[in-house]
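Asks: Dock chain B against chain A, hints included.
Listed below are the residues making up each chain.
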Amino acid sequence: MAENIVETVKLTKVYRKGKLEITALRDANLSISKGDIVCVMGPSGSGKTTLLNMIGGLDRPTRGAVLVDGVDITRLNEPQLASYRLEKVGFIFQFYNLFPVLTAFENVELPLILAKKPKKERKKKVRQLLETVGISERANHKPDELSGGEQQRIAIARALANDPALILADEPTGDLDSENATMFMNLVKDLNQNYSQTFLIVTHDPLVVQECSQIYMIRDGKLEKSKG
Amino acid sequence: MSAIAMTWRNLSRRKLRVGLTVAGIAVGVALILVLLSLVAGIDAQVRASIRALGGADVIVYNATITNPREAFILGSSAVLNESTVETVAKLPNVHAVSPQLTEVVIVNETLAPIWGIDVRTFNETAGGLNIIDGKMIGENDNNTAVLGKSLFDLFNMSIGQSVFVRARPLHHNNNVTLTVVGVYETGVFLTDRGLYIPLTVAQNLTDSPDFVTSILVKADSPDNVEAVSSEIATLFPDMRVLTLSNVVAQASQLLNMLTMFFGTLGIVALVAGSFGVVNTMIISVMERTREIGTLKAIGAKNSTVLKIFVLEALLLGCLGGGIGIIVGSASSFFISEFSVRILPAVPVGKGITTNVSPLLTLSNIVLSFVLGLVTGVLAGIYPAWRAAHMKPVEALRHG
Chain A
139 MAENIVETVK
149 LTKVYRKGKL
159 EITALRDANL
169 SISKGDIVCV
179 MGPSGSGKTT
189 LLNMIGGLDR
199 PTRGAVLVDG
209 VDITRLNEPQ
219 LASYRLEKVG
229 FIFQFYNLFP
239 VLTAFENVEL
249 PLILAKKPKK
259 ERKKKVRQLL
269 ETVGISERAN
279 HKPDELSGGE
289 QQRIAIARAL
299 ANDPALILAD
309 EPTGDLDSEN
319 ATMFMNLVKD
329 LNQNYSQTFL
339 IVTHDPLVVQ
349 ECSQIYMIRD
359 GKLEKSKG
Chain B
3 MSAIAMTWRN
13 LSRRKLRVGL
23 TVAGIAVGVA
33 LILVLLSLVA
43 GIDAQVRASI
53 RALGGADVIV
63 YNATITNPRE
73 AFILGSSAVL
83 NESTVETVAK
93 LPNVHAVSPQ
103 LTEVVIVNET
113 LAPIWGIDVR
123 TFNETAGGLN
133 IIDGKMIGEN
143 DNNTAVLGKS
153 LFDLFNMSIG
163 QSVFVRARPL
173 HHNNNVTLTV
183 VGVYETGVFL
193 TDRGLYIPLT
203 VAQNLTDSPD
213 FVTSILVKAD
223 SPDNVEAVSS
233 EIATLFPDMR
243 VLTLSNVVAQ
253 ASQLLNMLTM
263 FFGTLGIVAL
273 VAGSFGVVNT
283 MIISVMERTR
293 EIGTLKAIGA
303 KNSTVLKIFV
313 LEALLLGCLG
323 GGIGIIVGSA
333 SSFFISEFSV
343 RILPAVPVGK
353 GITTNVSPLL
363 TLSNIVLSFV
373 LGLVTGVLAG
383 IYPAWRAAHM
393 KPVEALRHG
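Protein chains in written order, with the numbering used here: chain A, 139 to 366; chain B, 3 to 401.
Hints listed in this document are in silico derivations from the structure and should not be mistaken for laboratory results.
Quantities reported herein were computed from a predicted structural model and do not represent experimental measurements.
Check the hints yourself; a few may be wrong.
Using 20 Å as the maximum straight-line C-alpha spacing, the simulated EDC-like pairs for lysine to aspartate or glutamate come out as follows [said to hold, decoys possible]:
#1 B:K393 / A:E216
#2 B:K303 / A:E244
#3 B:K92 / B:E228
Isolated chain A, as found in the complex (with noise of 0.2 Å):
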């Protein structure tokens, strides 16, 4: 078996409302080799954003520990955990969360500007990207001038734009039709079988789950592995 990038270890979060406790996510086990495409399905409330936002450095949890190569990253401080974030991971959301502000080009470019990259490898590497996603025409477009399918495969060039060994997914197609989706997951195949891009997806779309290489489930807080 490949090498693990990431290994969840009891992972648990515990959430307080007054003195009530909501155990959203407990003893999660879950491990990511290079090259998967991991879903992550449950109903929604069941902890499926929890886990993805852990693995993400965005959330702490109340226990347990994310392994990336080898390192714990619950143990990393803000600062660390935000170059964790730049560098080795990228995050794609339902409602793409592009800047509205910023061209296509700009929004891909973004995370470029964040990790200090000079001006022309940037622009080398975003006109790069956004011919892999297939927007090269729609360069200097803002994102309220771009159809849905667009808009998210600008914001895959985004995620993949500071090459993360692992691509976070919330819910990709969630706001897509079926035609789109359909393209989105494509790109995902192609991204995966060319370049060995990792994913970890959370959805409840049969269109996604049926491409993946491992599925889980999440129930009450529980996960549970049902393929792979």
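Replies: Leaving out everything else, chain B in the frame of chain A:
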């Protein structure tokens, strides 16, 4: 794409709100610039009047009449003339007396102030002029002049050449050609932009023989200055009698009053403006909560988010400061150029201007601008800090 371009685009999303916020700062900055300009104007006037005294101890002005034209129209009894000079000269403790006539004329097609002086008594009373090149007008000359350095440089001329002096149209276009014998420098802008000519030439030019606009007086000892000035004041109740100490006292009194008034207004306006910035920034941060979450998700550090919003506040301050100094400069210019008499006349001028007019200086413009900038940044710090410390998960969940 630069950070400033991105900030600019973010501000452009809410033009009306940003415009009103900027206006809030601009009002404060403009008020403060006008205040500073007034203070600088008064300061310049005080310097000018100290220079006007030269070595003299007391200067006597027409109270209400500042030029021969007004004297002619009003025909007032409160006019200084050469008999007044003689009366003053006979007072006890008076060492020397010198009459002056000040007018604005056209010199080589340029407006410039002239001072007509009686050379012998002028030297005796005021200690002469600071001649930097050539020589002073001779005691019996009637066709010579000494030019202020600025005017001399403006004409790009040399000693021995002549200037063509023409009275303003009201005085029948009287004119005279004078030979420039020397250049003086006082360090006072207006004075160095003018010329000194013999008194009789000035009087002929303005059709007002016998008329003078001011009298310089030298006491026989510094201890007797106050006595002489009060003597003159009693004798001529319609005249303004000025000594160095009361120039300074009057000016500083006015200065304090103005500083209090405009200073309070300006600061209140700036504080109000800063609330506007806080408000605008907080709303902007709230509206963009999800963008802030996204920024953090793609790897922006807290300090980067902080910088983005501080830059936005800085740009608000910059715009407010910029518009403020434009409005403030325009107001100052308008007040001084068109002599809008919003302020009481102070007896400090030499008949050129007797009301206080603002003086724009580069350092005051820069200072006002920086105040606007600082206000923007200070007001932006708290909202920016809030943005920087948002929890990314919560920010992303936001609408």
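Asks: Let me make sure I understand: some of the numbered hints might not hold for this structure. Which ones are they, in numerical order?
Replies: none
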